[in-house]
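Chemist: Quick note, the sequences are listed as chains A and B, same order.
So for the first sequence, the working numbering puts the first residue at 21; every next one is plus one.
So for the second sequence, the working numbering puts the first residue at 21; every next one is plus one.
Be aware that one or more of the hints could be misleading.
No distinction is drawn between identical chains; accordingly, a pair holds when it is met within one copy or between any pair of copies.
In the DSBU-like style, the derived pairs of lysine-lysine whose C-alpha atoms are separated by at most 35 Å in a straight line are [said to hold, decoys possible]:
(1) Lys229 to Lys180
(2) Lys22 to Lys229
(3) Lys153 to Lys229
It is worth saying that the hints were derived from the structure and are not from the lab.
2 protein chains.
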Amino acid sequence: MKTACVILIGNDILSGRTQDTNLTYLGQGLNEVGVRLISARVIPDVTEVIADTVNECRATHDYLFTTGGIGPTHDDITADAIAKAFGVELVRDPGAVAALRTHYTSDDDLNEQRLKMCDIPQGAELIHNPISKAPGFCIENVYVLAGVPVIMQAMFDGLKDNLVGGEPMLSRSIACYIGESLLAARLGEIQAAHSSVEIGSYPFIRDGKLGASLVMRSTDAATNDAAADAIREMILSLGAEPIEE
Amino acid sequence: MKTACVILIGNDILSGRTQDTNLTYLGQGLNEVGVRLISARVIPDVTEVIADTVNECRATHDYLFTTGGIGPTHDDITADAIAKAFGVELVRDPGAVAALRTHYTSDDDLNEQRLKMCDIPQGAELIHNPISKAPGFCIENVYVLAGVPVIMQAMFDGLKDNLVGGEPMLSRSIACYIGESLLAARLGEIQAAHSSVEIGSYPFIRDGKLGASLVMRSTDAATNDAAADAIREMILSLGAEPIEE
Chain A
21 MKTACVILIG
31 NDILSGRTQD
41 TNLTYLGQGL
51 NEVGVRLISA
61 RVIPDVTEVI
71 ADTVNECRAT
81 HDYLFTTGGI
91 GPTHDDITAD
101 AIAKAFGVEL
111 VRDPGAVAAL
121 RTHYTSDDDL
131 NEQRLKMCDI
141 PQGAELIHNP
151 ISKAPGFCIE
161 NVYVLAGVPV
171 IMQAMFDGLK
181 DNLVGGEPML
191 SRSIACYIGE
201 SLLAARLGEI
211 QAAHSSVEIG
221 SYPFIRDGKL
231 GASLVMRSTD
241 AATNDAAADA
251 IREMILSLGA
261 EPIEE
Chain B
21 MKTACVILIG
31 NDILSGRTQD
41 TNLTYLGQGL
51 NEVGVRLISA
61 RVIPDVTEVI
71 ADTVNECRAT
81 HDYLFTTGGI
91 GPTHDDITAD
101 AIAKAFGVEL
111 VRDPGAVAAL
121 RTHYTSDDDL
131 NEQRLKMCDI
141 PQGAELIHNP
151 ISKAPGFCIE
161 NVYVLAGVPV
171 IMQAMFDGLK
181 DNLVGGEPML
191 SRSIACYIGE
201 SLLAARLGEI
211 QAAHSSVEIG
221 SYPFIRDGKL
231 GASLVMRSTD
241 AATNDAAADA
251 IREMILSLGA
261 EPIEE
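Can you make the complete structure from the sequences, with help from the hints?
Modeler: What follows is the structure, given as structure tokens:
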């Protein structure tokens, strides 16, 4: 199993100003290539915190992704923090400057602030940004992505097929309008009988009615299907309709 | 300054199945009572990971909040993990049973799975759940809340005025349709001249137009206002309109 960690960098996420959506996107996308997102952090725009957290998390996961803090303003300190984490210098990357030149043709447009986005840690490789050209970068197993979702997504989509994963995690979900308490005992038995499937129960309230989504996850479709059969049978025997999700 | 950490517990968040919104709600609510959310974790439903992460984070923050994993099903292991973290037993709380009895009047309804939600770590105090009655709990500086947003919010709203905070963080935000690169230099100067305000720049694309929200945060309204005046002036001098947010 290949594992990943995501670090969301940004005071705005912690203050509640910005609702993050990058974690969900990365969790789904990593699943598709057989990499399992097993932990995430949200940290503030503080150089030492970023550097320390990156060093801790890159040592304990196969892949580490960061989002946020690679723009041109004073609060964009991720590249600097990553350089410190690796003990290397920031260097202006000619490839990054060339990429920005395709976007900003005059020297006036390609000002010092924009050029700051071409400074990456020594030894890092660029991650292509098809939207606004200012690149992300990868150094060892650390992938440094933008925070703006549309840019982050484009960067990740461009690199994800190069990640070396294991078998993709397959999931199935069956919902029903039965409260969790009424299916908990039988569901526990089903989990025990299908121990190679991870079965999750997620309660919801829809149109004022209480229900639960029962999610099966494993790397084997037949294994998931067998658990799904048992869950469908349980729902029917409790007098409700199984709803495939 | 009083600090807080949030731990979001749930495989479903890491797999990308569930888009979390609890972090944003807690970040905003904690701000209102002068507690600063300075870090967050997202971790899977694994007892040892929950216990270790809780012990690490409760030691390094004034307050720790967890969300998720306190329902009746086999994958709801948060109470057990917190008991392990504190080295205490789980005990069936008479107050929690009484609360559930107001909701479920017959013994058939108050089945063993529902009663499982009344098992809390020895020494913990209940957190009231006005929605579905099954309580959260608080032990020392750790507040254990539900994962379902409407229940989590009700639990937090009921307890937040009892938190001892410092001065609330005040924020102002001014947006403009200017790309960050064109205001980065002047904005850096404004940040340097107003060092007691934390100024963040958050780029956006709205209706296909590039812009940025400039957010000022400090505990003093006049300090924020002074920075806001400088930012408004900068935007006007660059030929755009300041938009109060």
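Chemist: With 35 Å as the alpha-carbon cut-off, assign the pair Lys153 and Lys229 to within, between, both or neither.
Modeler: between (47 Å within a copy, 16 Å between copies)
Chemist: Is it within a copy, between copies, both, or neither that the alpha carbon of Lys229 lies no farther than 35 Å from that of Lys180?
Modeler: Classified as between: cross-chain Cα gap 28 Å, same-chain 39 Å, threshold 35 Å.
Chemist: When no copy is named, should Lys22 and Lys229 be tagged within, between, both, or neither for a Cα gap of at most 35 Å?
Modeler: For Lys22 and Lys229, neither the intra-copy (39 Å) nor the inter-copy (39 Å) Cα distance is at most 35 Å.
In the structure shown, a violation is registered for the earlier hint numbered 2 alone.
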